[in-house]
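Student: Both chains come to you apart, so use the hints to assemble them.
As a plain string of letters, each chain reads:
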Amino acid sequence: DTEVTQTPKHLVMGMTNKKSLKCEQHMGHRAMYWYKQKAKKPPELMFVYSYEKLSINESVPSRFSPECPNSSLLNLHLHALQPEDSALYLCASSPEGGYGGNTIYFGEGSWLTVV
Amino acid sequence: AQTVTQSQPEMSVQEAETVTLSCTYDTSENNYYLFWYKQPPSRQMILVIRQEAYKQQNATENRFSVNFQKAAKSFSLKISDSQLGDTAMYFCAFMKTMDSNYQLIWGAGTKLIIKP
Numbered sequence: 001d002t003e004v005t006q007t008p009k010h011l012v013m014g015m016t017n018k019k020s021l022k023c024e025q026h027m028g029h030r031a032m033y034w035y036k037q038k039a040k041k042p043p044e045l046m047f048v049y050s051y052e053k054l055s056i057n058e059s060v061p062s063r064f065s066p067e068c069p070n071s072s073l074l075n076l077h078l079h080a081l082q083p084e085d086s087a088l089y090l091c092a093s094s095p096e097g098g099y100g101g102n103t104i105y106f107g108e109g110s111w112l113t114v115v
Numbered sequence: 116a117q118t119v120t121q122s123q124p125e126m127s128v129q130e131a132e133t134v135t136l137s138c139t140y141d142t143s144e145n146n147y148y149l150f151w152y153k154q155p156p157s158r159q160m161i162l163v164i165r166q167e168a169y170k171q172q173n174a175t176e177n178r179f180s181v182n183f184q185k186a187a188k189s190f191s192l193k194i195s196d197s198q199l200g201d202t203a204m205y206f207c208a209f210m211k212t213m214d215s216n217y218q219l220i221w222g223a224g225t226k227l228i229i230k231p
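Protein chains in written order, with my numbering: chain A, 1 to 115; chain B, 116 to 231.
Among the clues, some could well be false.
Unchecked claim - List of simulated lysine-lysine pairs, DSS-like, C-alpha gap at most 25 angstroms: (1) A:Lys36 to A:Lys19; (2) A:Lys53 to A:Lys19; (3) B:Lys170 to A:Lys41; (4) A:Lys9 to A:Lys38; (5) B:Lys188 to B:Lys170; (6) A:Lys36 to A:Lys9; (7) A:Lys36 to B:Lys226; (8) A:Lys53 to A:Lys41; (9) B:Lys188 to A:Lys41; (10) A:Lys40 to B:Lys193; (11) A:Lys53 to A:Lys22; (12) A:Lys9 to A:Lys22; (13) B:Lys170 to A:Lys9; (14) A:Lys36 to A:Lys18; (15) B:Lys185 to B:Lys170; (16) B:Lys230 to A:Lys41; (17) A:Lys22 to A:Lys40; (18) A:Lys36 to A:Lys53; (19) B:Lys193 to B:Lys230; (20) B:Lys188 to B:Lys226; (21) B:Lys185 to A:Lys38; (22) A:Lys53 to A:Lys40; (23) A:Lys22 to A:Lys41; (24) B:Lys226 to A:Lys40; (25) B:Lys226 to B:Lys193; (26) A:Lys22 to A:Lys36; (27) B:Lys230 to A:Lys40; (28) B:Lys226 to A:Lys41; (29) A:Lys53 to A:Lys18; (30) A:Lys40 to A:Lys9.
As the list claims (entries may be wrong) - Okay, the calculated bits of chain B under chain A, using three or more residues with CB under 8 angstroms as the criterion: (31) 153-166; (32) 219-225.
Rather than coming from a laboratory, the hints here were simulated on the basis of the structure.
Computed from a predicted structure; not experimentally measured.
Every residue gets a Cβ at the ideal spot worked out from N, C-alpha and C, and that includes glycine.
Chain B extracted, bound-state conformation (with noise of 0.2 angstroms):
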């Protein structure tokens, strides 16, 4: 069975410093994705960035970069330059390649202050 592990339940920086979201998953699987969703006090969750489990490159999206380390099973999110806006819950989630369940493991979650 996967399993993903957040094991930072909150953190807290100060605007524009930059902040890293560590992320364990473990599984027997060698292909599959994982995702960083992030969850603001609205509570829609909203798609931060993706990983094809097969590209050697790390995934960015603006300020937000991911540091994939497949062999030691780590997902780490980097975010740069934080604005008050990406105060939120951040998840981490795995999917399988081929998965009829259907299933996202998440992890427990990141709950990110940022302060002005």
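For reference, chain A alone in the conformation it holds in the complex (with noise of 0.2 angstroms):
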């Protein structure tokens, strides 16, 4: 079972919605990840929170917007997507972020669909 936890699994929205994907660990993890994963490619990185710091913003479009209220929690908020932005988004966490080969878990994803 995953420690990982993302909500909602499945969400479909228009072009002009507001809508937020939630990441929840209780592993004690300092280190958060969001990765967009296309069908049959690798994840790709695109946020980093190292100790609730953003990190690193892999040049991501503003539409998306990363939060992170504290150590456990990573909100994705999405606003004005395109077609093109359907894919999985994986939140995942480390115990500390980049260094000692910390394993990356990564929850269940939550499939997005932009209509």
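Tutor: What follows is the structure, encoded as structure tokens:
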């Protein structure tokens, strides 16, 4: 069973909608991640939060807005998305970010369809 | 820059057989970590096995084991007594020991199908 919980599992939204993806972990991890994954491709890193501060933004369009309210929670706010943004969005966490080969643990993902 | 190559886009074996998935990588680093992740149709990315480059001993996890050849930069995954539940995409991934970019470098993946 995953210890990284993502909601909702499926989301369909129009291009003018505002929605949010949510992620929670209770492993005491201090780094949290958002990845985007297209079918049959490996995940692409979008954002990294380390100790609740945004550490990495991989040139993601501003229509994606991350938020880390505390060390256990990570949100991804979505606004004015395009159909090409339809994908699986994976949340992940690791004990610390980027050091010592910390293993990254993934949630089950949120399927996003933009219509 | 680091790269990871998985040369087998798709493989298919009978249940209970042994299968080996290949992965090669390129890096100038001496210390790093290698991972195999499994992604079944449910789409959750699950860690299968992890190897520290400074350890000569190959990592094992139940039916899963790796053949880590550091000099050859090869990191293959062997699945013994394959089961239907092993059907999944398998990704090989690399991480530097100290990486302020938090990057997992991924291979393209191998789709493994276990036939009954």
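Student: Now tell me if each hint is right for this structure.
Tutor: Verification of the supplied hints:
1. For the suggested pair Lys36 of chain A and Lys19 of chain A, the alpha carbons sit about 16 angstroms apart, so the restraint of at most 25 angstroms is met.
2. Using a Cα cut-off of 25 angstroms, the hinted pair Lys53 of chain A and Lys19 of chain A holds, with the two alpha carbons roughly 22 angstroms apart.
3. Taking the CA atoms of Lys170 of chain B and Lys41 of chain A, the gap is about 30 angstroms. The hint is violated against a cut of 25 angstroms.
4. Taking the CA atoms of Lys9 of chain A and Lys38 of chain A, the gap is about 16 angstroms. The hint holds against a cut of 25 angstroms.
5. For the hint pairing Lys188 of chain B with Lys170 of chain B, the CA-to-CA distance comes to about 14 angstroms; that is within 25 angstroms, so the pair holds.
6. A C-alpha spacing of about 14 angstroms is found between Lys36 of chain A and Lys9 of chain A, which places the hinted pair at or below 25 angstroms, so the restraint holds.
7. Distance restraint check for Lys36 of chain A and Lys226 of chain B: the Cα-Cα separation of roughly 19 angstroms lies within the 25 angstroms cut-off, and the hinted pair is therefore satisfied.
8. As the CA atoms of Lys53 of chain A and Lys41 of chain A are separated by approximately 28 angstroms, the hinted pair breaks the 25 angstroms bound.
9. Taking the CA atoms of Lys188 of chain B and Lys41 of chain A, the gap is near 23 angstroms; set against the 25 angstroms cutoff, the hint holds.
10. Of the supplied pair hints, the one linking Lys40 of chain A and Lys193 of chain B holds, its CA atoms being roughly 22 angstroms apart against a limit of 25 angstroms.
11. For a cut-off of 25 angstroms, the pair hint linking Lys53 of chain A to Lys22 of chain A stands: about 17 angstroms separates their Cα positions.
12. Distance check on the hinted pair: Lys9 of chain A and Lys22 of chain A sit about 10 angstroms apart at the alpha-carbon level, within 25 angstroms; holds.
13. Simply put, Lys170 of chain B and Lys9 of chain A have alpha-carbon atoms about 38 angstroms apart, too far for the 25 angstroms limit, and the pair is violated.
14. A distance of roughly 18 angstroms separates the Cα atoms of Lys36 of chain A and Lys18 of chain A; the hinted pair therefore holds under the 25 angstroms criterion.
15. At roughly 10 angstroms between alpha-carbon atoms, Lys185 of chain B and Lys170 of chain B fall within 25 angstroms of each other, so this suggested pair holds.
16. Between Lys230 of chain B and Lys41 of chain A the CA atoms are separated by roughly 23 angstroms; this keeps the pair inside 25 angstroms, and the hint holds.
17. Distance restraint check for Lys22 of chain A and Lys40 of chain A: the Cα-Cα separation of roughly 24 angstroms lies within the 25 angstroms cut-off, and the hinted pair is therefore satisfied.
18. Between Lys36 of chain A and Lys53 of chain A the alpha-carbon distance is near 20 angstroms, which keeps this suggested pair within the 25 angstroms criterion.
19. Using a Cα cut-off of 25 angstroms, the hinted pair Lys193 of chain B and Lys230 of chain B holds, with the two alpha carbons roughly 17 angstroms apart.
20. A hinted pair counts as satisfied when its Cα atoms are at most 25 angstroms apart, and Lys188 of chain B with Lys226 of chain B qualifies at roughly 22 angstroms.
21. Restraint check for Lys185 of chain B and Lys38 of chain A: the C-alpha separation of about 31 angstroms exceeds 25 angstroms, so the hint is violated.
22. Only pairs whose Cα atoms come within 25 angstroms are accepted, and Lys53 of chain A paired with Lys40 of chain A is rejected, the gap being roughly 31 angstroms.
23. Distance restraint check for Lys22 of chain A and Lys41 of chain A: the Cα-Cα separation of roughly 23 angstroms lies within the 25 angstroms cut-off, and the hinted pair is therefore satisfied.
24. Proximity of Lys226 of chain B to Lys40 of chain A is assessed by CA-CA distance (about 9 angstroms); at most 25 angstroms being required, the pair is judged to hold.
25. Under the criterion of a C-alpha separation no larger than 25 angstroms, the hint pairing Lys226 of chain B with Lys193 of chain B is consistent with the structure, at around 14 angstroms.
26. With a C-alpha separation of about 14 angstroms, the suggested pairing of Lys22 of chain A with Lys36 of chain A holds against the 25 angstroms cut-off.
27. Between the alpha carbons of Lys230 of chain B and Lys40 of chain A the distance comes to roughly 20 angstroms, so the proposed pair stays at or under 25 angstroms and holds.
28. The hinted pair formed by Lys226 of chain B and Lys41 of chain A meets the criterion: a straight-line CA distance of about 11 angstroms does not exceed 25 angstroms.
29. For the given pair, Lys53 of chain A sits about 23 angstroms from Lys18 of chain A by alpha-carbon distance, which is consistent with the 25 angstroms threshold.
30. As the CA atoms of Lys40 of chain A and Lys9 of chain A are separated by approximately 19 angstroms, the hinted pair is consistent with the 25 angstroms bound.
31. Against chain A, the segment 153-166 of chain B contributes 7 residues with a C-beta closer than 8 angstroms to a partner C-beta. That satisfies the three-residue criterion, and the hint holds.
32. Restraint check on the segment 219-225 of chain B versus chain A: 5 residues with Cβ-Cβ distances below 8 angstroms, three needed, restraint holds.
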